[in-house]
Amino acid sequence: MPYYSLGLEGSANKLGVGVIEHPLEKIAAHNHANVLSNVRDTYVTPPGEGFLPRDTARHHRNWVVRLIKQALQEANIRPDQLNCICFTQGPGMGAPLQSVVIAARTIAQMWDLPLVGVNHCIGHIEMGREITGATNPVVLYVSGGNTQVIAYSRQRYRIFGETLDIAVGNCLDRFARTLRIPNAPSPGYNIEQLAKKGRHLVELPYTVKGMDLSMSGILEYVDSLAHDLFQGKKNKQLIRADGSKVTVEDLCFSLQECIFAMLVEITERAMAHVGSREVLIVGGVGCNERLQEMMGMMAKDRNGSIYATDERFCIDNGIMIAHAGLLAFRTGTRTSLGQSVCTQRFRTDEVFVSWRDD
Amino acid sequence: MSSAIVAQAQSYLSGIPLDVISQGAEAVVFLTTVHPYLSGSMHPSDIQNSSKYIIKYRPPKTYRHEVLDKQLTKSRTAAEARLLSKLYTLEIPAPKLIALDAPHGMIWMEYLGFELPNGQISSLKNWLWYLEKQQEGNTTASIALADSVKQVLILVGQAIAKLHLQDIVHGDLTSSNILLEQKKEGLQPTLIDFGLSSYSPLAEDKAVDLYVLERALTSTHPVYSKTYNKWLLQGYEETYSKKTNNKRKYTEVSKRLEDVRLRGRKRSMLG
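Those protein sequence lines, which keep their order, are chains B and C.
Going by this note's numbering, the residue at position 192 of the first sequence is 192; the numbering climbs one at a time, nothing skipped.
Going by this note's numbering, the residue at position 6 of the second sequence is 6; the numbering climbs one at a time, nothing skipped.
Everything labelled a hint here was simulated from the structure, so no lab data went into it.
Errors might be hidden in some of the hints.
[Said to hold, decoys possible] Below 20 Å or equal to it, Euclidean Cα-Cα: the simulated SDA-like pairs (lysine to any residue) are:
no., chain 1, residue 1, chain 2, residue 2
1, C, Lys-70, B, Leu-201
2, C, Lys-70, B, Arg-199
3, C, Lys-74, B, Ala-184
4, B, Lys-300, C, Tyr-211
5, B, Lys-196, C, His-65
6, C, Lys-52, C, Leu-68
7, B, Lys-300, C, His-65
8, B, Lys-300, C, Lys-74
9, C, Lys-74, B, Thr-207
10, B, Lys-196, C, Leu-68
11, B, Lys-236, C, Gln-71
12, B, Lys-233, B, Ser-214
13, B, Lys-209, C, Lys-230
14, C, Lys-255, C, Leu-165
15, B, Lys-209, C, Ala-203
16, B, Lys-300, C, Ser-22
17, B, Lys-196, B, Thr-207
18, B, Lys-300, C, Thr-62
19, C, Lys-230, C, Tyr-211
20, B, Lys-26, B, Lys-300
[Stated by the list, open to error] Here are some, though not all, of the chain B residues that point toward chain C, as calculated from beta-carbon distances under 10 Å:
no., residue
21, Ile-102
22, Gly-133
23, Met-271
24, Ala-272
Here a beta-carbon is modelled for each residue, glycine too, at the ideal position from N, C-alpha and C.
Could you build the full structure based on these sequences and the hints that come with them?
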């Protein structure tokens with residue numbers, strides 16, 4: 001009988017539940033994992049507002065039972081067939097994480113199953129590798145809370161570069177708030193659509209520091225430009241070369257061009273450093289087609305290739321937690337009830353990668 | 001590497017032979033045999049190698065918006081060239097600047113280094129690897145930790161200190177960005193690749209500079225890195241201690257270095 005696990009994810013405003021099946025023998029190119037179900041519910045706030053921990057936690061508590069039932073039903077799996085319950089142990093927002101951990105502990109005790117705590121970032125990386133078939137890529141992990149360039153070495157996913165202040169998704173989300181554009185399906189998606197109509201590049205600060213980058217200054221800068229634009233204040237930066245006025249679309253376009261160029265640059269630096277030709281993009285911002293396109297051009301210049309997934313696996317989901325958790329479970333990892341405390345700070349390189357031996 | 005990049009570089013330098021030595025993230029390094037404006041055997045007397053020159057080329061990045069790309073290439077190339085000429089006037093060992101074409105992202109500079117007995121270029125990394133290889137299986141003699149190694153690492157520390165005393169931080173110190181040269185007084189280290197350098201009076205930035213090198217040594221020379229690093233800091237301190245008012249600066253940097261080590265350059269992140 002194959003292995004089955006159920007994964008629960010709720011580190012930010014998405015609540016995800018997934019059931020995965022691993023065939024016996026080692027997971028490899030010819031021995032794929034099967035996604036049996038992958039359901040998600042997103043807590044969406046009105047335009048101009050972000051999601052607060054307390055409200056997000058309440059959303060997760062209200063939905064978690066329904067989603068678990070739905071996931072099991074879609075997968076056509078009974079609780080007694082499962083091998084383990086996997087949950088996000090961190091990093092993330094405290095209150096939402098806690099709500100989901102409580103749900104995980106409850107069903108684990110009800111159904112008498114072992115618990116496996118999973119690092120959220122590791123979940124993204126392992127699912128990305130499984131779906132795309134990339135063997136040993138440099139990973140760019142970009143989401144609302146994280147911005148990291150990661151490469152594998154001796155059983156750890158090591159962080160080569162990361163943001164020194166806010167994450168790229170956070171930067172985009174907060175700019176969307178300034179513009180008061182809808183948060184559904186996601187603020188970043190709406191910025192991407194506006195950016196497609198932008199043509200004029202407004203000069204923004206470009207802040208790459210070695211392999212790290214900084215984005216809070218860029219956000220402040222583009223925010224103040226947007227305020228000037230809305231209030232009709234005179235600003236040289238808001239006049240195009242042909243004398244016409246800069247639009248909101250131009251600002252979205254410029255913001256994307258600037259921060260994505262920074263991301264691609266640090267990724268390229270990491271690829272040159274470790275001598276890799278594969279690059280994998282994971283995390284919510286990884287859905288952005290312009291980012292994928294830019295990364296593809298960089299990879300082409302290095303005779304390399306790019307791997308990316310779609311919104312089912314890029315955006316936070318339960319299936320990646322189920323997958324990474326099951327990999328750990330199969331190499332002997334268990335999280336006892338006493339150890340199942342979640343943490344807001346949980347670095348990618350703290351996890352010992354027992355399931356890889358290359 | 002993409003042949004389009006070589007073709008593009010060649011189109012700016014018609015008739016000049018180009019051999020690719022390495023491709024980094026940002027630039028491609030070419031080796032050429034001719035001087036940009038002197039012909040035949042003519043060459044400036046203070047240039048070490050009259051038959052070899054280095055061309056560092058920052059190719060256009062197709063993924064970047066054209067306006068942004070041109071501006072970045074031009075400003076970074078010009079900044080690097082400015083820094084090289086500054087180092088020359090300060091008499092800090094570095095490759096000498098020969099020519100600059102900032103809009104096309106090209107810098108010509110002096111060729112430094114020599115071939116090690118195993119045929120590789122004499123970077124500190126290659127030299128240490130070469131010695132470490134010899135050390136393997138030899139328990140009687142100390143090769144990887146010989147006095148000559150100690151001497152070179154102390155000199156490296158001194159070179160970094162000289163840079164820092166001028167408020168310049170290198171930004172990308174690794175053992176492959178340090179070249180060794182054969183001089184009368186023995187092996188002399190020279191720092192290269194100032195592509196990420198900047199001016200900073202802060203002890204923090206200098207400490208990070210040292211920490212980056214420390215980490216690079218740990219990952220490339222894991223067995224001996226502790227001793228190497230000790231020698232390096234010894235040399236660093238020596239240069240700072242030559243003047244009494246620099247001693248205070250040294251204490252500041254070394255205190256900061258301990259802080260940086262503790263926080264591991266990267267703080268714990270909120271998810």
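Verification of the hints:
1. C:Lys-70 x B:Leu-201: 13 Å, holds
2. C:Lys-70 x B:Arg-199: Within the cut-off at roughly 17 Å; holds.
3. C:Lys-74 x B:Ala-184: 41 Å, violated
4. B:Lys-300 x C:Tyr-211: Since the Cα atoms of Lys-300 of chain B and Tyr-211 of chain C sit roughly 33 Å apart, the hinted pair is violated (cutoff 20 Å).
5. B:Lys-196 x C:His-65: Roughly 14 Å between the alpha carbons, so the hint for Lys-196 of chain B and His-65 of chain C holds.
6. C:Lys-52 x C:Leu-68: 33 Å, violated
7. B:Lys-300 x C:His-65: Distance of about 17 Å is within 20 Å: holds.
8. B:Lys-300 x C:Lys-74: Cα-Cα ~23 Å, so violated.
9. C:Lys-74 x B:Thr-207: 16 Å, holds
10. B:Lys-196 x C:Leu-68: The given pair, whose Cα atoms are some 18 Å apart, holds under the 20 Å limit.
11. B:Lys-236 x C:Gln-71: 18 Å, holds
12. B:Lys-233 x B:Ser-214: 28 Å, violated
13. B:Lys-209 x C:Lys-230: 27 Å, violated
14. C:Lys-255 x C:Leu-165: 16 Å, holds
15. B:Lys-209 x C:Ala-203: Judged against 20 Å, a Cα distance of about 17 Å means the pair holds.
16. B:Lys-300 x C:Ser-22: Since the Cα atoms of Lys-300 of chain B and Ser-22 of chain C sit roughly 17 Å apart, the hinted pair holds (cutoff 20 Å).
17. B:Lys-196 x B:Thr-207: 24 Å, violated
18. B:Lys-300 x C:Thr-62: 10 Å, holds
19. C:Lys-230 x C:Tyr-211: Cα-Cα ~12 Å, so holds.
20. B:Lys-26 x B:Lys-300: 32 Å, violated
21. Ile-102: 18 Å, violated
22. Gly-133: Hint violated; Gly-133 of chain B Cβ to chain C Cβ min 24 Å, cut 10 Å.
23. Met-271: 7 Å, holds
24. Ala-272: 4 Å, holds
Violation of the numbered hints given earlier is confined to hints 3, 4, 6, 8, 12, 13, 17, 20, 21, 22; the remaining hints are satisfied by the structure.
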